[in-house]
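These protein sequence lines map, in sequence, to chains A, B and C. Quick note: our numbering has the first sequence finishing at residue 664, numbered continuously throughout. Quick note: our numbering has the second sequence finishing at residue 1147, numbered continuously throughout. Quick note: our numbering has the third sequence finishing at residue 2128, numbered continuously throughout.
Simulated from the structure, these hints should not be mistaken for laboratory data. Incorrect hints may appear among the rest.
[Stated by the list, open to error] Computed, partial: chain A to chain B, Cβ under 10 Å:
no.: 1; residue: 73
no.: 2; residue: 76
no.: 3; residue: 99
no.: 4; residue: 245
no.: 5; residue: 248
no.: 6; residue: 445
no.: 7; residue: 659
The model shown is predicted, which means the values in this text are computed figures rather than measured ones. Where is the CB? At the ideal position from N, CA and C, for every residue including glycine.
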Amino acid sequence: MQRIGVFVCWCGSNIAGTVDVKKVAQTLGREPGVVFSADYQYMCSQSGQDLIKDSIKQYKLTGAVICSCSPRMHENTFRKAAAAAGLNPYMVEIANIREQVSWIHKDMAAGTEKAIILGRAAIAKVHLNAPLIAGESPVTKRALVIGGGIAGIQTALDIADAGFPVDIVEKSPTIGGKMAQLDKTFPTLDCAACILTPKMVEAAQHENVRILAYSEVAEVKGFVGNFTVKIRRKARYVKEDVCTGCGLCTEKCPQKKAPDEFNLGLSNRRAIYIPFAQAVPKVATIDPDYCMMLKTGKCGVCSKVCGVKAIDYTQKDEFIEENYGAIVAATGFEPIGLDKFDEFAYSLSPDVVTSLEYERLMNAAGPTGGTLLRPSDLKHPHTIVFVQCVGSRCDEKSEKGVPYCSKVCCMYTAKHAMLTREKYPDTEVYVFYIDVRTPGKNFDEFYRRAVEQYDVHYIKGMVGKVVPENGKLKVQASDLLENRQLHIDADMVVLAAAIEPDKSARPLATMLTASMDTNDFFTEAHPKLRPVESPTAGVFLAGMCQGPKDIPETVSQASACAAKVIGLLNKDRLVGNPCVAHSDELMCNGCSQCANVCPYGAITYADKEFRMPDRTTAVRRVAQVNPAVCQGCGACTVTCPSGAMDLFGFSNNQIMAEVDAICK
Amino acid sequence: MQVRNEPWKPLIVAFCCNWCSYAGADLAGTNRLNYPADVKIIRVPCSCRVNPLFILRAFQRGADGVIVCGCHPGDCHYTSGNYYARRRMTLLFSMLDYLGIEKGRTRVEWVSAAEGQKFAETMNSFVETIVSLGENKRLEDLRCKTE
Amino acid sequence: MEQQNMREEILFTANADPKKCMKCGKCSGACPNYDKMEYHPHQFVSMVQEGNVEPLLESESLYLCLTCMVCVERCPRNVQPARFIEAVRLAKIRQQGENRLKPQDVPELIDEDTPQQLLVSAFRKYTK
């Protein structure tokens, strides 16, 4: 018989406000096996924990039930307290009477009754608990960063500086990401390339960083500390280690009609290309969709002009396999497609551009060489209308756009407006806004400068219609504060398209078994307290893939993420989760059903000798679980036809006892 | 089994996977969303840990409804656990139907850690269904009756 | 109090939620008959939400809405402003107990090109 202590937490008034904690403690104190029960204001506080520790020692408790907040919150706290008092931490069970009772139910009587029932269930479970000892596993001291934008680069550099080798996997031919495409960055207006490219070079030259550009993650196996990742190195048709990046081939290539992704299709490039001058690695890549040699077998110009013979038309995709201790997802974002926003005439006129396209049009390395020319006739635009919140903050039922605020648009639109007025003071600039959201250091001052110094017309209201007519864009919008409808003949319209997570994030999340929210952003382990970790152990998050954020925030998150990774890689061994499956060899009949459902391959079979009742020995095939690999999902326990498989911490009997206690 | 004097209240057992639905239930609490106190949650590591026996036992002991909540398909923390749960439960529910347990008394729902609202809504609608179906007597273990 | 009841009635008829509005004004930005109207689609939504329905009931704007539904289509929050205008109009017709369009007025309004369908829809729109 266990000697159980029951500890009921008030959580200030959070629990005590709607649950009669005294009554809960008294009633549960009368349950069989309970030798001590108490209530206390804050069980998680130091004095609350001391109460638990002292009671464990004084009453020689063999189990403890804490009626408090969610086990996802404080299970570890109480387990540590129990361990400090010499009780096995897995002899502690939590009855969640805050998230599941006091915060949900307003009625004191019903709440108290439910709290008692949940307490009883926990007591019933503790009766069947057994002390568990966690196993240990080694840590591979190498990290993988998926995505080579500013988030990935910063994370990789910080990890590498701490002395651990890092691989960056980037799907495009160069690292740099979206930041490389930007012109200036708010609120200081320093040029993006000037601050990003030194970091790219630093990553390329760092002895601990290996850049796997033009590559994708194909398969992820393993668990925290011991991931095995298969990486597809896409065929560049150029030998990466031979190419010097001289760029001669990209000048001689006769195919000039390939759209330039780096300029978002605003200009064309050759079939063999280097995305931009500061690309890292600076290696040419052949676009197989446009290369005549690869498509028809006739051409081969690049091969002829290449002085170092780096071109290899026969290259195939290659797979490499590598072990990692930690994985960082830094997959970034894309602007949403605007096909559902026909009212802005994006598909009808080339002069209606997204903000990222405008960024390229302003950029000295962009398609217009930094002179602002509108795409249709390459003339200077004199009236520019900026529209904010295009696709952001949409209702889920409206079936277009995204429900969240994209966060960066207010600031970059202010930047665009300001830069435009600065360079071309003869341009009239209108910004249509719903709200101007500029929280951040020097952000609101920046926006006010756009209004006060640069005379940008900020108008509260939304554009309802854009019609291309005689080389102009007829913009119809509302001015809510003046209570009138505006009609503006604009030369260009710039849409602050909402941002969404990169398309590659969803399949990656499935491979990593990391959870995502309904918008395909990676979910963090805790929204406030563990913002850079995924709920999946060993997977960390940096940058836009976790939620909209600007460059300063991305960089801080990347460094925070690196700190977490370093903390993990610094450990020699990881203490595992002891709540793993185990098989009763006497009951197992070796049918292999459990191995079939195990997602981790943790189950193997061995032939074992058994003494039979008649004193003969028989050799039987039985299942054995590798506790370092098992993650404790329990799929095998339900599959097992003979009931030999069971799960520590969530055994059949324990859950059955909980069901019984609840249904009493 | 004690004699009930008070009006009948449904008894509902919810199995919630630790990673998504249990967190979703926590979020419902954090957001102070209401659902009836008749729902009692049992934490399991994954929806695939829910043995059909648990559900039968709950009905046997007088539960009026059982709901199994897991991660959305493709989001399982253990990659594929919720797919196993889905197949097992489909099979079990059709057998329960054969035993005379109405289809509405059992349910499988996918609730993610971000869907506190959905959790509360699901529980409200499930309790509503159970109330409309009334008390479950079909699988009660008569040996437990004292009167 | 009277206004409050009227608001409830309008909300019931409209079967839409004005609280979802984030005051972006896209409905009024898109409205093709904006200049003729005294109160504009976004004002219908916010005035019904605030319970300030009396001026709406007295306004000609009710009948100037073309029911083209562009505000419903454009609204990012799925507020459906046209439903509020429709609901206020219905409330007005019911409140007056008389129709805006009387049968004896019709012959004057007709010319040869008036499609039959327009008359039918006008009756549907302007009468109880």
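Of the hints stated earlier, which fail here?
Per hint list: 2, 4, 5 and 6 violated.
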